[in-house]
Amino acid sequence: MDMHWLTKLLASIQREKKQQIERKQCEAPPLSLEYMKQAFQNIHDAKTIEINNEFIGKITLFYIRSLVDVRQLQEFVIFPLQHASNPSLRKTVSTVELNELNTAEEAEQAALKGSVILHAKNRFWSIILPNSISRAIETSEQESIIYGPKDSFSEQIDQNLTLIRRRLPIRTLKSEEMIVGSMSKTTVILLYIDGLTNPELIRIARAKTAVIEYDTFLDTSHLAHFLEDHIYSVFPQFQQTDRPDAVVAALTSGKVVWLVDNTPFALIGPITFFDLFQSPEDYIHRWLVASFLRGLRFFAFLFAMVLTPLYVALTMHHYQMMPIELLYVLLESRSQIPFNPFWEALFMLLTLEILKEASLRMPSKSGQTLGVVGGIVIGQAAVAAKIASNILIIHVAVMAIASFLIPNYLMTNSSKLIQFGLLILAAWLGMWGITLGLILVLIHLHGLTSLKQPFLSPLVPFYVTDWKDTIVRLPFRWMNQRPAYLNPLKKYKFSKRK
Amino acid sequence: MPLAQTLRMEERLANEGHWPVWLGWIIVNRFQIVYYILFLPHVLIYPYMIWIIPIVAILSHLNLRVLSIWLQTQEARLGQAGFTQLLGGFAVRLLAFVGIGVILMQSSILTLSYLDVVHQTLFPSMSKVTPLILLGLASFYLARLGMISVGNFAILAFVMSFWMVLIYVQFLLPQKAVYEHLFPIFPQNVPHHILSNLLTVWAAFSGPEYLAFAGKRFAATTGLFRWLALGNAATALEYIFFFVITLLFYGAEYLQKIDLPVVQIVRYIELPFFERLEMIMVSNYMILIIFMNALFIHYLYNAVRTVANFVHKPKSALGLTVAAILLVSFMYFFSKYFWVLESEQNRWTTFHLWVSGATYAVIPSFLALTAYLRNKRRADK
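Residue numbers (the numbering used here), protein chains in the order written: chain Y, 99 to 596; chain L, 12 to 392.
A hint or two may mislead.
What the hints assert, rightly or not - As a list, the in silico DSSO-like pairs of lysine-lysine whose alpha-carbon atoms are at most 30 Å apart:
1. Y:Lys248 / Y:Lys219
2. Y:Lys145 / Y:Lys135
3. Y:Lys306 / Y:Lys283
4. L:Lys326 / Y:Lys550
5. Y:Lys306 / L:Lys268
6. Y:Lys219 / Y:Lys145
7. Y:Lys156 / Y:Lys116
8. L:Lys347 / Y:Lys550
9. Y:Lys566 / Y:Lys272
10. L:Lys268 / L:Lys324
11. Y:Lys116 / Y:Lys248
12. Y:Lys550 / L:Lys324
What the hints assert, rightly or not - A short list of chain Y residues far from chain L (calculated; beta carbon distances all over 10 Å):
13. Ile492
14. Trp530
15. Leu538
16. Phe560
As the list claims (entries may be wrong) - Only part of the chain Y face toward chain L is listed, based on derived beta-carbon distances under 7 Å:
17. Leu266
18. Ile268
19. Val539
20. Val562
Keep in mind the hints are simulated off the structure, nothing from the lab. Only a predicted model underlies this, so the values are computations on that prediction, with no experimental measurement involved. Here a beta-carbon is modelled for each residue, glycine too, at the ideal position from N, C-alpha and C.
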């Protein structure tokens with residue numbers, strides 16, 4: 099009895115929704131040839147072909163030339179229709195798939211996605227014949243490795259899906275298609291392994307993708323901006339990769355993956371802070387070597403962030419922390435520099451960032467030249483002109499090299515921003531300021547989530563089994579469990595244990 | 012199958028999530044060492060005083076047993092409602108009012124004592140106001156993640172601070188360690204000030220009593236005692252370790268003459284690139300202060316809500332902000348008017364010692380006894 103009002107409320111909401119759908123259908127224009135011609139007027143490559151066949155009657159084909167494979171259209175549709183010897187359309191064009199269309203909107207979308215609209219006997223059909231423009235499968239430039247698979251994704255979503263399905267020939271690999279972007283109508287495929295990935299995770303991923311409202315999606319990162327839980331964070335909350343093997347590894351560990359049409363990058367989620375330091379090569383090296391390299395990457399991350407602020411803190415506040423021999427060297431190096439260490443470091447760091455950004459935007463050969471000119475000539479000139487000490491130049495150079503050890507480029511850029519923050523704190527409060535800055539970063543990381551899952555897992559919350567593949571990478575035989583923080587339905591990787 | 016889902020900021024304050032049972036040992040350990048690790052060896056001077064630590068650790072162990080009995084009661088698991096059932100609305104509000112005073116005093120003395128060490132070690136000429144405000148902001152930044160996240164932060168606080176113990180291991184080894192300093196291990200005469208030393212060490216084991224108000228935060232309370240006891244044992248070992256290394260290095264005669272022996276001893280470590288490592292260690296110690304103050308902000312917010320009778324209203328970000336502002340403002344005024352002269356500081360430190368010792372002794376037994384009597388009365392009826 100008490101719930102009666104709720105039932106009424108739900109019924110009224112459903113009624114309202116039904117009415118809205120009906121209203122929309124009433125408002126939508128009827129599907130007709132005239133409508134199609136009108137909708138695509140002033141589009142120079144929108145073509146109409148009329149065929150008269152004695153069995154089928156008058157047939158009209160409507161398509162956009164630049165989107166359709168014209169050779170296939172001629173071979174599999176026009177030629178059979180011209181020479182049809184029975185009234186059945188399906189039998190005549192049996193080599194292609196015919197889908198019947200009911201609304202003008204459906205027809206419009208199909209034409210814009212590379213389908214041919216066929217009108218015959220007062221009915222409309224679409225024939226999918228997209229013009230497959232694609233570059234060849236090439237080696238990954240962003241995550242290049244010495245050993246291991248070399249193929250990488252391209253801009254063709256179907257081709258990318260093929261690369262994944264070849265590695266995972268299982269029927270439980272599910273792919274849900276969604277369209278995002280009111281103008282770009284970008285196809286997004288949500289991938290997961292049914293019966294392995296936690297259903298709650300799939301629900302969150304599906305719900306987050308379904309509510310996205312924006313006009314244009316040109317890259318995976320655009321999608322990531324709408325999916326992330328914390329828009330003000332500097333840390334990437336999803337992993338972008340163009341490597342099919344990385345995607346497959348993520349799927350089999352219980353994560354979800356988004357493929358976005360017209361971009362060679364897939365989006366993996368949820369991720370943790372520690373995932374950003376992993377490279378596919380970690381699973382190719384011997385486990386001891388892989389663990390050492392991983393440890394080195396974490397150290398390099400911290401080193402790259404802290405080294406220059408440490409120089410500023412020591413020279414401005416805590417020179418007593420340096421052994422006397424080192425202090426002499428530093429004093430000699432800095433004796434004729436007119437700026438205080440903060441401005442000196444800030445100037446050099448900004449110069450380095452300008453150089454890095456410029457070399458990225460230049461053609462590869464000019465970029466190399468720029469690197470040499472920038473690194474050696476400007477560095478030497480700065481020391482000679484007495485605007486920077488040679489010790490700082492060493493610091494900045496080592497820091498720059500250390501930052502390249504982080505496999506995730508987005509993470510490298512995040513660390514730069516943190517470094518500037520630490521630099522200011524170091525100049526203001528010395529060692530105490532740097533520590534405060536690092537603790538703030540730690541608190542920030544502690545509060546972060548990726549797809550609503552804790553970003554600092556398996557440290558907080560603590561999952562002991564996940565440490566087999568976090569900072570160290572233990573032998574494969576010992577890594578018998580999937581990440582516990584993902585709570586997968588199949589806990590063990592070995593098929594013997596369920 | 013449910014996921015360990017974490018929530019957005021605005022959802023977190025209303026989140027009734029849980030801490031895993033094993034987190035109890037880290038919280039107990041960090042709670043206990045947060046303050047006294049810097050000062051304790053100055054109180055314990057003579058070798059035979061080493062026995063005070065295990066004796067008090069056993070007493071603390073028994074007290075934690077009482078605390079875990081209380082935490083297993085239905086009233087403790089109910090949180091605020093449980094306290095009201097047990098003591099009545101008026102008494103709860105009255106005790107919460109007293110609690111506000113205790114929280115404000117303890118967090119102020121803890122923070123200001125730490126800032127004194129910072130002032131002495133890192134920035135002798137700098138005003139304490141700036142770091143005080145920055146510490147308050149950092150604590151609030153953590154507190155805004157919600158009580159559950161603050162509790163979980165104990166893991167990070169532990170990871171970030173425990174490594175410091177390893178730095179001191181070299182002081183156990185010859186050249187730096189003079190083993191004769193460990194004798195006489197038994198007192199030759201009746202020791203003086205034994206009661207005051209016992210009280211100090213007892214206060215050094217205090218802190219876990221705050222868990223008495225966080226009964227509903229633990230996922231389960233069965234087996235909790237084991238973890239609490241483990242934390243207590245870890246603290247005892249740390250205290251013994253720090254006492255032994257300072258004694259081995261300085262000897263009893265010199266130990267009683269110096270301030271902050273655990274801090275000063277690090278000065279004797281020389282690395283090829285760095286000296287004066289105490290500057291790094293004192294800075295790093297900040298993580299424990301931030302962790303404690305973040306918890307205090309939550310406790311303060313809950314206490315204020317209880318006193319103002321707002322417990323039935325949902326928690327808000329504004330309320331938490333007001334609690335943080337109240338805490339930092341109190342610290343500021345306390346430092347400005349009551350923490351100026353060294354005599355005042357000593358007086359407040361002694362006061363802190365008594366209050367910590369008293370709260371640690373009284374709160375678990377009082378709550379456990381009251382719950383026992385109430386349940387017995389109910390059973391008799």
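Now the hints, each set against the structure:
Proposed proximity of Y:Lys248 and Y:Lys219 is contradicted: the alpha carbons are some 51 Å apart, above 30 Å. This hinted pair checks out: Y:Lys145 and Y:Lys135 have alpha carbons roughly 9 Å apart, not beyond 30 Å. With a C-alpha separation of about 17 Å, the suggested pairing of Y:Lys306 with Y:Lys283 holds against the 30 Å cut-off. Taking the CA atoms of L:Lys326 and Y:Lys550, the gap is near 21 Å; set against the 30 Å cutoff, the hint holds.
Restraint check for Y:Lys306 and L:Lys268: the C-alpha separation of about 64 Å exceeds 30 Å, so the hint is violated. For the suggested pair Y:Lys219 and Y:Lys145, the alpha carbons sit about 20 Å apart, so the restraint of at most 30 Å is met. Our distance criterion of 30 Å between C-alpha atoms is broken by Y:Lys156 and Y:Lys116, whose separation comes to about 38 Å. Distance hint between L:Lys347 and Y:Lys550 is unfulfilled; the C-alpha atoms sit about 44 Å from each other, more than 30 Å.
Taking the CA atoms of Y:Lys566 and Y:Lys272, the gap is near 28 Å; set against the 30 Å cutoff, the hint holds. With a CA separation close to 54 Å, the supplied pair L:Lys268 and L:Lys324 exceeds the 30 Å bound. The straight-line distance between the Cα atoms of Y:Lys116 and Y:Lys248 is roughly 51 Å, outside the 30 Å bound, and the hint therefore fails. For a cut-off of 30 Å, the pair hint linking Y:Lys550 to L:Lys324 stands: about 26 Å separates their Cα positions.
Distance to chain L confirms Y:Ile492 as a non-interface residue, since its nearest Cβ pair spans about 13 Å, more than 10 Å. In this structure Y:Trp530 is not separated from chain L by more than 10 Å, as the shortest Cβ-Cβ distance comes to only about 5 Å. Some Cβ of chain L comes within 10 Å of the Cβ of Y:Leu538; the nearest lies about 6 Å off, and the non-interface call is violated. Residue placement check: Y:Phe560 does not keep its beta carbon more than 10 Å from all beta carbons of chain L (closest about 6 Å).
Annotation: Y:Leu266 was flagged as interfacial toward chain L, and the flag is violated, the nearest CB pair being 22 Å apart, outside 7 Å. The interface hint given for Y:Ile268 is violated, since its Cβ lies 21 Å from the closest Cβ of chain L, which is over the 7 Å cut-off. Of the supplied interface hints, the one on Y:Val539 is violated, with its beta-carbon coming no nearer than about 11 Å to a beta-carbon of chain L, more than 7 Å. Look at Y:Val562: its Cβ only gets to about 10 Å from chain L, farther than 7 Å, so that hint breaks.
Checked against the numbered hints above, the structure breaks hints 1, 5, 7, 8, 10, 11, 14, 15, 16, 17, 18, 19 and 20 and satisfies the rest.
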